[in-house]
Amino acid sequence: MYRYILRRLLLTIPVLLGLTVIVFLIMSLIPGDPALAILGSYATPENLARLRAELGLDLPLPQQYLVWLGNILQGDFGRSYTLNRPVLDEVLERFSATLILAGTSLAICVVLGVVAGIVSAVRQYGWADRIITLLVLIGISVPAFWLGMLMILLFAVELRWFPVSGMYAIYGGGDLPDLLRHLILPATALAVVAAGVIARLTRSNMLEVLRQDYIRTARAKGLDERRVVFGHAFKVALVNLIPVIGVQAGFVIGGAVYIETVFQWPGIGRMLVNAISTRDILLVQGGVLVVAASYVLFNLCADLLQHWLDPRIKA
Amino acid sequence: MMAFIRLLARNRLAAFGALMLLLLLLLALVTPLLPLLDPNITDPANRLQPLFSEGHWLGTDQLGRDILSRLLWGMRISLAVGIAASLVAALLGSLIGILAGYFGGRTDNTLMRGIDMLMAFPYILLALAIVAVLGPGLMNALYAIAIVNIPFFARNIRGATVGIAHREFIDAARLSGKGNTRILATEILPNVLPVIVITLSTTVGWMILETAGLSFLGLGAQPPQADLGSMLGEGRRMMINAPHVATLPGLVIFILVMSINLLGDGVRDALDPRLKSGALSRPAPMTRIRRHESSGAAPQKSRDTALLRVDDLRTDFEVGRQRYHAVNGVSFTIQPNECLGLVGESGSGKSVTALSLLGLVASPPGIINGGDIHLHSRHQPSRDLLSLKPREIRHIRGNDVAYVFQDPLSTLHPLIKVGDQLVEAIRQHQPLSHPAARELAVKLLGQVRIPNPEQRASQYPHELSGGMRQRVGIAMALANDPELIIADEPTTALDVTVQAQILSLIQHLREEKGTSVLFITHDFGVVSQVCDRVAVMYAGRIVEIGPTQEILDNPRHPYTQRLIDCVPRLGEPDHEPAAIPGLPPPANALPAGCAFAERCDLAEPRCREGNIELIATDKERQVRCIKPLGLTAKISEGIEHD
Amino acid sequence: MIEPLLDISGLSRTFGGGKRWFGLDRPGVHAVQEVDLQVMRGETLGIVGESGCGKSTLARMLVGLDTPTKGRIFYEGNDLQAMIRDDRRALSRHIQYVFQDPLSSLNPRLRIRDILAAPLRHLRGLHGHALETRLAELLEIVNLRPEFITRYPHEFSGGQAQRIGIARALAAEPKVLVLDEPVSALDVSIQAQVLKLLKRLKSEFDLTYLFISHDLSVVETISDRIAVMYFGRIIEQAPARQLFQSPAHHYTRLLIASAPIPGGPPIVAESSDAELPDPLAPPSGCAFAPRCPQAQEACRARRPLLEAFSSQSKLDTSNIHRVACLFPAREPLSRDSRTSVDETSR
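One line per chain: the protein sequences are F, Y and A, in this order. All residue numbers for the first sequence refer to the numbering used here, where the first residue is 1 and numbers rise by one. All residue numbers for the second sequence refer to the numbering used here, where the first residue is 1 and numbers rise by one. All residue numbers for the third sequence refer to the numbering used here, where the first residue is 1 and numbers rise by one.
Treat the hints with care, as some may be off.
[Said to hold, decoys possible] Taking beta-carbon pairs under 8 Å as the criterion, some of the chain Y residues facing chain A (in silico):
id	residue
1	F169
2	G177
3	G218
4	S346
5	A500
6	L503
7	D523
8	P577
[To be verified] For lysine to aspartate or glutamate, the following EDC-like pairs were computed, each having C-alpha atoms within a straight-line distance of at most 20 Å:
id	chain 1	residue 1	chain 2	residue 2
9	A	K196	Y	D574
10	Y	K389	F	D224
11	Y	K417	F	D310
12	F	K235	Y	D420
Don't read these hints as lab results, they were simulated from the structure. Heads up, the beta-carbon is just placed ideally off N, CA and C, and yes, glycines get one too.
With the rest of the complex left out, here is chain F (with noise of 0.2 Å):
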């Protein structure tokens, strides 16, 4: 088991390694002069050439890169010229946004799209499986911006059971209450999707689980069926569920970018899309890089937690 964990913490050096290269890559490939870019059109020459030795531009690729690397290795990711601050700052105060919004939806939706899927399996043909697998069918069909849209109008503007955007009250907000307030809308939009597919993959895996040779012989013992579909056919379907639930946490990362610009939640979704159109490109590198490399070591705990479940599963 420490082995296990060991190996899988040292494969994962490589991933990160990787992220960063084709990150870095990304960035060089980008046409037009990064140093023009960021100084945009105020660009003296000398400011220019000074710029371009800071960044290490005039070196060949490989050494720009290693000179990149250590950089963002020291925690320095630059400076954002369109906000005149560190991008680190920024990323991680955005993302902190963001892990708040993205994990209540993660939450809210493994819990509504296992249930669902467990009735939806136990239940099959009956009038909940077809009501849920409707259910799911609008779900993962549904675009998640439109839908925050409909909520907004809903319940926002017409019922005024929630605020209209926003992570906090401008006056007197800013407390936990306030924040539940502000998170329900765009968190329930933004789990929609994921939970359908959740559901979706829970109500199969139950099914093909249901039909192995030992929940016969768990029926054959004399269990009762509650026994049999939770204490047998779930334990495994769980395990089954894991990394799915590891591929549904990066769409619903992803899925955030949406919400926030639907919601105006000040996280790192909305702060991408704005740095794309402004062109900061630092501002993109380092909040590319951070998000994934904190999806890489989630999808890392997710591994590590199914290989705790599964004991089939060897170093």
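Once you have looked at the hints, place chains Y and A on chain F.
Relative to the frame of chain F, chains Y and A by itself:
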């Protein structure tokens, strides 16, 4: 292909989706021909007209452009981009997946590490990064979405290919002189194609959503060009004053994607063979019973000592309109401490008979259509098992009657330690504390001669050898001191030396505990080792039943005799195994009369008529044949008129 | 001395293993170890062993589906690996293979015509009319009706599918057929049909068979000579009758004593903790020693070599009875000898 379309059409939801999609596609195709306003002509005077206004059915947007016209033109673009991106992703992803899956090794490693790299980015983030490089624009959004979806295809297709590349027919093709390219094109591709189509049909909708998403963020279609996503994005600013500007494009996306997903699910269901065979439907906790009336054979005579009496049991499998008669009127009894063997070839109904006894036949498609099963256990009066409530059946399962199944690897729960599986079986029927049950479990493991039972109890099934696992299976069956053990081919999956150990264990336990055993097997050698009496099954019926040695020495039914003659006998190399020509009749089209008549060289016309009953020939023997072997014609005449 | 058709010497196959990070040796699984075996022209050589003994790996190496880690195989005096390097197809024209699972060895998406035509086209260069004639001929050879040719594999029963598998192997007009458990997946009544067919084909086409099975009785009915494998090695090898009359290795005796015969004497079971050795940490001496009722100190210390035990003819090397045991059993096995084994094991 026709069968596929028919299957698809039978699925009403999918048909509805297909129809909707067809309509939308048609609409998109004829859009340039329709008498619509130019989608890009602005008319600031008429901006933000509401729905159903003069000249603009669906109103106008913030620049006074006709929303209906823009919706149709936008849908054209969204569809085109979504489908194009899907095709690109499917093509590249499948190519990578097939190559990686087929060649394996280093190729696989290199390709899949690259794919893993792409997967390391949370989905849309990678698309954003790509758009950041290429710059906003519709084509760039298309590329980004396609690239982002390549891993999805590559992984799915690789999985399917790996499953096929290791099948024996690929080796066979190689030995037939086919090279790699030919094998990929003619052996692998036809098998992977359904997976590609399924993956494609379930992702197109998703891809349309994602391209719309990029446009919504302003990174896809650039003004004045507009797809549904960018219309939604622009309309968002007027969300509160003029909600229709934004909600309408969203609605169109939703309907479009929904119809594609409906169709996609239908395609998946039609192509997945498991769904056709009903293999994905949930088996009920108990086999369905559709018995018209208890046949009345019921009340056992007081002098009847049988532990189990089965009368005219009928179990069918109903798949679609076909009805397969797996068990077709089986009757037998088991006395206390007796071992009855149930022998037959595959498809003879022996296992289904065994599983029917406690309602363990998977249902759907299984259904018990008739018969009586009487269990007369120590403490209880005789009960008809088919009329008990599920709760009462559960109380018998694993308690009065226990099962041992064939393959101990697939029949033990893979994620529960064997000790805990035993404890669970014990505590279901005995009011013991966990430590007490645990102690009993270890004792049981010792009883089935597992060395180090204490330590083995905390291992998982995969950590044990096949023989050890079957011992665990037997220990589990013994947990509550059952009166009857039903052993369904318990040694078939084992090596012959391990089989010998397991058989001797079963014998030993039977002597020690006085348990009765119903032993299902296809192997006459095993039968002659452990069974007191044997019932030979053919096409869902017992054709002969009686004491084992007598049947082996003097089979009365031609099938029994020929089956025994088929078996090569060790130490008798000159005994030429005699083949039985032909095949058993299909279970959904059983002939009248004797089911074996077709393959029997003694058959005559009356063998193929009516219903041939099981008749008693000797004191303890019965045979289902109108002219049993080894009896003089006179005797057999006499029996017939009995 | 007669030249063997297939001459296998020192053949080994190791799976996995190799170097790990930090230069540590990773143990590999030795599926086949130092196997020496001669197959004579026209004979049926049976190879018997339980699951995991390496018999299938050996078979796959003979047709080039697997590559030996060590050792060589000579076919008619030519090195098999060299033949494969020059032209894989040449080997397939000489040695063909029949698979265990008849259905999974037929591509479910191809018609029988395409399955059978592949070897004719690629190995025999047949086209057009000649191909059609030969296809019809092949079906007739294995007793299948001509109209079957347009059907898909799932429309066939196990026995029929295995006939198709045999027809495909014969299409290459090979001299040697490697039969890997060809009847294990079939019901006994069908098994007898296929065995009968195989016997007929052998004499009709002058074939040499390598018949691999876990079932002693099946091997006995079809083989001229039998090699018994245990844990990757051949532990005994003898003409079929001799092997069953007086098996010398205690493992062979155990196998025979364990096989239940209809109406036969009661089988004998060894004590319960008999298990196969750990393939990653094989014992140093005889691999069977931990289970062997006759094992002595010497058996655990050194591994016995496969050596001549007795022979009927000094000229014909193939008929020598060889055994890899330090203390082989010498008394013949009588019908009631099961009890004698029983006594020794107690």
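Results for each hint:
Because the closest C-beta pair between F169(Y) and chain A is about 4 Å apart, less than 8 Å, the hint holds. Residue-level restraint check for G177(Y) holds (minimum Cβ-Cβ distance to chain A is 3 Å; threshold 8 Å). Against a cut-off of 8 Å between C-beta atoms, the interface hint on G218(Y) is violated, since the closest Cβ of chain A lies about 47 Å away. The interface hint given for S346(Y) is met, as the beta carbon of that residue sits about 6 Å from the closest beta carbon of chain A, less than 8 Å.
Hint status for A500(Y) relative to chain A: holds, with the closest Cβ pair at about 4 Å, below 8 Å. Interface restraint check: L503(Y) against chain A, minimum CB-CB distance 7 Å, threshold 8 Å, status holds. The closest approach between the C-beta of D523(Y) and any C-beta of chain A is roughly 7 Å, which is under the 8 Å cut-off, so the hint is satisfied. Because the beta carbon of P577(Y) sits about 4 Å from the nearest beta carbon in chain A, less than 8 Å, this interface hint is met.
Proposed proximity of K196(A) and D574(Y) is supported: the alpha carbons are some 13 Å apart, at most 20 Å. Between K389(Y) and D224(F) the alpha-carbon distance is near 13 Å, which keeps this suggested pair within the 20 Å criterion. Of the pairs offered as hints, the one joining K417(Y) and D310(F) holds, with about 11 Å between alpha carbons and a cut-off of 20 Å not exceeded. Distance restraint check for K235(F) and D420(Y): the Cα-Cα separation of roughly 14 Å lies within the 20 Å cut-off, and the hinted pair is therefore satisfied.
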